[in-house]
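Sequence lines, in order, name chains A and B. Here the first sequence is numbered in my numbering, starting from 101 and rising by one per residue. Here the second sequence is numbered in my numbering, starting from 871 and rising by one per residue.
Hints are computed from structural coordinates only; laboratory data are not their basis. We put the CB at the ideal spot given by N, CA and C, even for glycine. Incorrect hints may appear among the rest.
[Stated by the list, open to error] If you want the footprint, here are the derived chain B segments under chain A, 3+ residues with CB under 8 Å:
1. 871-883
2. 890-902
3. 974-984
4. 1027-1041
5. 1061-1072
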Amino acid sequence: MSKVIHLHPTEDFKARSKAVLDNPGQRKNFRGAMDFLQAKRRAQFPDQDELQGLRELGASIRRYSLANLPRLLEQLEAKLTANGVHVHWAQNGPEANAIALKIAQQVHAKRIIKGKSMVSEEVGFNHFMEAAGIEAFESDMGEYIVQLAGEAPSHIIMPAIHKTKQEIAQLFADEVPGVTYTEDVDALIQIGRRVLRRKFAEADIGLSGVNFAVAETGTLCLVENEGNGRMCTTVPKVHIAITGIEKVVEKLEHVPPLLSLLTRSATGQSVTTYVNMISGPRKPDEKDGPQEVHLILLDNGRTQAYADAELRATLQCIRCGACMNHCPVYARIGGHAYGTTYPGPIGAIISPHMLGLDKTYPLAFASTLCGACNEVCPVKIPITDILVRLRNEAQARPETEEATLRGSGAARTLAASTVWGMWSQVYSKSGLYKLASWFMSRGRALSPSEQGAWTRSRTPLIPAPKRLRDLMKDHQP
Amino acid sequence: MSAREQILSRLRQPLVAAQHVSPDVAGWFGAHRRSEDVAQRTARLRAALEAVHTELHDVTHDNWSSVLLQVAAVKGLRQILIGTNTPHGAQLQACQTDDIKLIPYDRPIDSWQDLLFDGVDASLTLARGAVAETGSLILWPTPSEPRLMSLVPSIHFVLLDVDTIHEDFYAAMTAESWSAGMPTNALLVCGPSKTADIQQTLAYGAHGPKELVVLLRNTEGSQA
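Make a model of the complete structure from these sequences and hints.
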């Protein structure tokens, strides 16, 4: 039903971007959605001092959590285990899926109902389960819509942001039995509610993500508005939560500042309708809730980012999506063009660790480095610094100290490294610079009229007839 | 080596200096506290809840059950799910009418899930407290008032004592020492369920309750 995650975004990233740029309808959708989300966020932070103070606190909590990550993961595991939760570790997507499948087979599960989880998208969970003969059904309204359309989410918070209500109305009329075409949003949501209520009641397993995992109490925090997350984690007999290893915090008191930053930055809400804190399975005297709770802790390249002092900041992310909402590139090409589970600025800096820099480096170049993402990031990730670092990594000489990541050096070409090698020589040696600029200014007539990507939409670059030093000489009294 | 050991060993490579100073969360909230009284906290909570389509009624210890039944009658409700062995459940049962059936949640869900999903209009639970800053009700479901009560029925009534309203989430969790032991499930609830997943258009009644009705119970008839 759902599409396989695109594992080689380099292959047609440019083609997909161009396709969106040539589609005025889609561009209008994205622009409208981004303006809406930006305005909502702005209204939540009227006080700049409060915002900056809270960001500093949020960043310090995330940095502290990461600095102590191995200890906190062990503490989380011990506490959850004591609470009756089964904790599993997965190094990559296939391991995570295999763990989930084994749990499903143990309880003879046929149907899995899913709350919103980007990590499950990251590991290709739905596709894997369907191949194993188990239905994996999305229950977040946006996720339900994109699954019905056979697509992947285009935004980490608002998965169906690329679709108009007319498209969704048509989709429901075509795909949901007994539904006639209606553009009334309330009616459409009630259709989804009716279909999915059955699914919650019939499901054998509920799958969810995790927003924060608290080590000291063994508590999984989930944030949502629809109630589907609570359904998935309460109604089926088994609840499986899946999360990246970076989501742990030490103390419960670390949650309120991060929660405030998350919901205000993501959707411009002071809090979501539900903040769901789960610390264990159903106890003997309790009358509902799952009898089994599992947590799958996923690495999938995160330890590569962790090992590097600069790139570790990538893992501070709390997945609010504010960086994409404010990105001039994302606003124009949308989430699907990136070809990765996580689009936008955060996608460009986290995906190389998951998929390899060789398969993802064009994303690091698809940025103007304007810095809007840095400014809005609630946990102060220096995104543009990391983008520049990844660009350098992509051009690094393989098998040397400068190449530190999986897939480093993939963008390196003889032509480019020769040109930039010469550039660096000319700009670091004044005699050579003098000589080169003399030849350039005198030989300007020889400038090619075709200058690759530059001249596709611009006039050719032609050196000035006189160098700055010549002009200055002319003006000397 | 197991996946667990491999992941932990990669994380333990001491390439990056560890930051050992714990973040000063208490300092932040201390500096940003408003020190409001009950009436101010209640007013803030009310405004935040009303902003997300929540219906509020001021009630007293004596009249809340009759107010609830009046509201339920106006809405045309036929059943209300209540907890077992709770003082407020008993109080409501004492003034039960013939039109509205009170159904106690008296057995594990496994034997009557279909009825809960299809045959119960509304529910009543007691809030443990609330958070004025965000308009969140704090619910700690118990064996007497299980988790699904606040999720499955279309209309959810919540009884809240105004003197349990905290200024912010941090104040609530520290005043009540949550870190000493969390229940199976704890919740913050702010309004009825909602979604804006279709073209950013807000719609209420997504998967959880379509309506949230809060009965603000004042002490000794002092109206907030």
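| said: When the structure is checked against the list of hints, which entries are broken? Sort them ascending. | reply: Nothing - there is no hint that the structure violates, so all of them hold.
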